[in-house]
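2 protein chains.
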Amino acid sequence: MNDVQGNSSEPSVMRIGVLGCGNVGAALVDLVRTQADTVEQRTGIRLEVARVAVRNMSAPRDVEIDDGILTRDASAVVNDASIDLVVEAIGGIEPARGLILDALKNGKPVITANKELLANCGAELYAAAELAERDLLFEAAVAGGIPIMRALRESLHGEPITRVIGIINGTTNFILTKMTDAVLAGGAGDYAATLAEAQALGYAERDPTADVEGYDAGAKAAIIATVAFGVKVVAGDVYHEGISRVSGAEISIADRLGYCIKLLGIIEREPESGDVSVRVHPTMVPKQHPLASVRDSYNAVFVEGGFVGSLMFFGRGAGGAPTASAVFGDVVDAAINLRRGTHGSLGDLHEARVLAIDETSAEYLLSLDVADQPGVLHAVTGVFASHNVSIRAAEQEGNGPDARLVFITHSAQEAAVQATVRELGTLDVVRNVGGLIRVIGD
Amino acid sequence: MNDVQGNSSEPSVMRIGVLGCGNVGAALVDLVRTQADTVEQRTGIRLEVARVAVRNMSAPRDVEIDDGILTRDASAVVNDASIDLVVEAIGGIEPARGLILDALKNGKPVITANKELLANCGAELYAAAELAERDLLFEAAVAGGIPIMRALRESLHGEPITRVIGIINGTTNFILTKMTDAVLAGGAGDYAATLAEAQALGYAERDPTADVEGYDAGAKAAIIATVAFGVKVVAGDVYHEGISRVSGAEISIADRLGYCIKLLGIIEREPESGDVSVRVHPTMVPKQHPLASVRDSYNAVFVEGGFVGSLMFFGRGAGGAPTASAVFGDVVDAAINLRRGTHGSLGDLHEARVLAIDETSAEYLLSLDVADQPGVLHAVTGVFASHNVSIRAAEQEGNGPDARLVFITHSAQEAAVQATVRELGTLDVVRNVGGLIRVIGD
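Taken in sequence, the protein lines are chains A and B. Numbering of the first sequence is given in my numbering, commencing with residue 6 and proceeding in unit increments. Numbering of the second sequence is given in my numbering, commencing with residue 6 and proceeding in unit increments.
Hints are not guaranteed to be accurate.
Note that the list lumps identical chains together, so a pair holds whenever it fits in one copy or between two copies.
[To be verified] In silico DMTMM-like pairs for lysine to aspartate or glutamate, Cα to Cα no more than 25 Å straight-line:
(1) K292 to D186
(2) K237 to D78
(3) K292 to D72
(4) K183 to D433
(5) K110 to D85
(6) K292 to E364
(7) K292 to D407
(8) K237 to E419
(9) K292 to E402
(10) K237 to D42
(11) K183 to E275
(12) K237 to E45
To be clear, the hints were calculated from the coordinates, so they are not data collected in a lab.
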């Protein structure tokens, strides 16, 4: 509950120092200006952008800022005693990390959307905020305008969360949506062509690696794991596989079996051991699952709790306006908390074992190009059986040189499935082993 | 931010008085017991169920409660100085209203899931909470376990919300889902038969009126309007139309045009005038809209904001466990706020004009059974034109005695559309005017 009684006659002024004035920084400056009256009316707090630190004073930017407010010296901003709270919108590890630590040391709450920094140095920053007894808020770092950090930090108090599954990268969801639409319309759904289209439309960057290979989603998954389970997980702990090897043929098979393919971040905790598993990979999602309906560049986060059942949060994952809106919400919260002399906290983070991908279990789709001759199915299924991987469904498509076997397994351990794949590759009757795709249940 | 620093060595004990021990009350008592350790570890607050007021001391209940805790005297609980906060789980207007007012007057925060009470007497209760400087929290009153009240109260600070659209009644969504599945499978999708099936499965009550005629959704829509826009709206202000007149034929037409039919609560504010419109009615939803994918008894609330774009919150709308989970989250929040000597607030509610349904605008689907003869389309479209209702799409289905014209209008005012319908009914060539169904855009 963050609204406060509006019974003080004099508004408290809160002076904001903004570090960086790119897309998000500029949108935030604009939001503070247009919404200051509304916030004052509701909370009695007057928000003001007091300083904006930029690298280049004369660069063109999306918002007009007085020369008296602009500065090139970010360090002076976080050390300025007249600044009440700091918004970090620079991105990257340094100098953002050092500036945030200084701001907290100086008693200033910090708001950031810097997922790279949080996913790599989160534990250090959360501990610094704890020590300083100040807020460190980062709603915008994961899934842009969707208030998922707040939900995990607050709404689900005492709720035993078992799993969080998210579509947390808009670029890859856009590409997979377009590939799927093309396949369903009878086209090829070619990855490279779709990526080029996404780049032309501005949905993918010129170097798309961070998005399409799952690094971006992996960083967000690490942050979700930390907040949802109170454990220390860094980006490097996250197994990630991107979408660059997803083919139109796989999308077509998935469709026929009642699934669509999504790039998911999956964050799980084993109730008994407390071990966590954090991974990002293309996944077959049943068409009736709410995540299957999340199209284009939208994001969604699906939370499974012991009491509350399934919850999903859906919205824009990126873009200046949604991100700035989330940052702004955090600024208001931090300002209210600061005036009250209180602050939020993630509690003490504890260490948890992060399972290697080999130790995790899932159902798998596996397709094999095979010789169309008697005994092939028998030979192939024998390999599955020898590794204790049990088959839930099998079918043959095509004949002769196009013969292909498609299997969906029951839940099996990754290590056993990988061993199965390796051995299948050695069989004479197997011409090619297609990519493995993991499956989530309803 | 509601977690607090865990630096006090002695936990503060918070003694909870629970009024009512039905489905939700019993699940809450159980949750407090099983989650008390986790909450204490995280917040330093020890939650205890100190008293439980019930009507019948010897009735069977889902949870074991010591005789020393049970009482028949609810009034004694809210007047007991040793009780720190009160959970109202009785339902209905009285005695719940009086007990809540007394509890607040005595300085006790109150948590309730009582939508009927809030939708009728909300303004009085919020004012009493304001005066007492205590929390009145009611996350569970709308959409069960979905944290939508929190999102509207907090996450969207300063976000200019323009519209909230919700599937906020699980029973009707279950019935419409089953009717639609039947129609798509080639069946009739009969309303009465589907209702009977829902009753047999426990998804609909023996007297289903409150659900199927939109009263339940209307009460929730009033609460949403109050929280989202800070205005006084009561259940009686809400226009509601239920699903009992939705036919399989309409579902089939909608499907062919790319829509599904959902019972929606729609809460809008006109940006210039500040007038609000709050209504519940069957609505054609484009199949690609995220609300279209919300099946069975699930609920979802779709929020449209100026900066954040579209957000959707999805989850279980009812049931003892999700509801109790939401109540429990509120209990933890209220306990933390109480210890900090602070509380949340909706701010001062203001009066707003609630538009009559005649004044609202939408697109409409209208189907007419007509004589299959030259000049019919001309005669019919002339009626639309004379009322300034412009047609976006028209098509004829069937021939001869089965001839039917289906129209979708551009956005038009309800009063003009109703006048059009009345006049169409007087035409000789029109044999029957089907129900109007409003359409929401993408």
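Tested hints:
1. In the homo-oligomer, the alpha carbons of K292 and D186 lie at most 25 Å apart both inside one protomer (14 Å) and across protomers (14 Å), since each shortest distance falls under that limit.
2. Proximity of K237 and D78 under a CA criterion of 25 Å is satisfied in neither setting, with 33 Å inside one chain copy and 48 Å between copies.
3. When the C-alpha separation of K292 and D72 is checked against a cutoff of 25 Å, the pair qualifies neither within a copy, at 54 Å, nor between copies, at 50 Å.
4. Taking identical chains as interchangeable, the C-alpha atoms of K183 and D433 are never at most 25 Å apart, the minima being 37 Å within one chain and 49 Å between chains.
5. Taking CA atoms no more than 25 Å apart as the test, K110 paired with D85 passes inside one copy only; the shortest distance there is 12 Å, against 45 Å between copies.
6. Within a single copy, K292 and E364 get their C-alpha atoms no closer than 27 Å, and across copies no closer than 39 Å, so neither meets the 25 Å cut-off.
7. With identical chains, the CA atoms of K292 and D407 are never at most 25 Å apart, being 27 Å at best within one copy and 36 Å at best between copies.
8. Proximity of K237 to E419 under the C-alpha cut-off of 25 Å is restricted to the intra-copy arrangement: shortest distance 24 Å within a copy versus 56 Å between copies.
9. Within a single copy, K292 and E402 get their C-alpha atoms as close as 21 Å, which meets the 25 Å cut-off; across copies the closest is 31 Å, which misses it.
10. For a Cα distance limit of 25 Å, the shortest separation of K237 from D42 across copies, 21 Å, qualifies, whereas the shortest one inside one copy, 40 Å, does not.
11. For a Cα distance limit of 25 Å, the shortest separation of K183 from E275 qualifies neither inside one copy, at 35 Å, nor across copies, at 36 Å.
12. Taking the shortest alpha-carbon separations for K237 and E45, only the inter-copy value of 21 Å comes in at or below 25 Å, while the best intra-copy value is 37 Å.
Hint check: violations occur at hints 2, 3, 4, 6, 7, 11; the rest are consistent with the structure.
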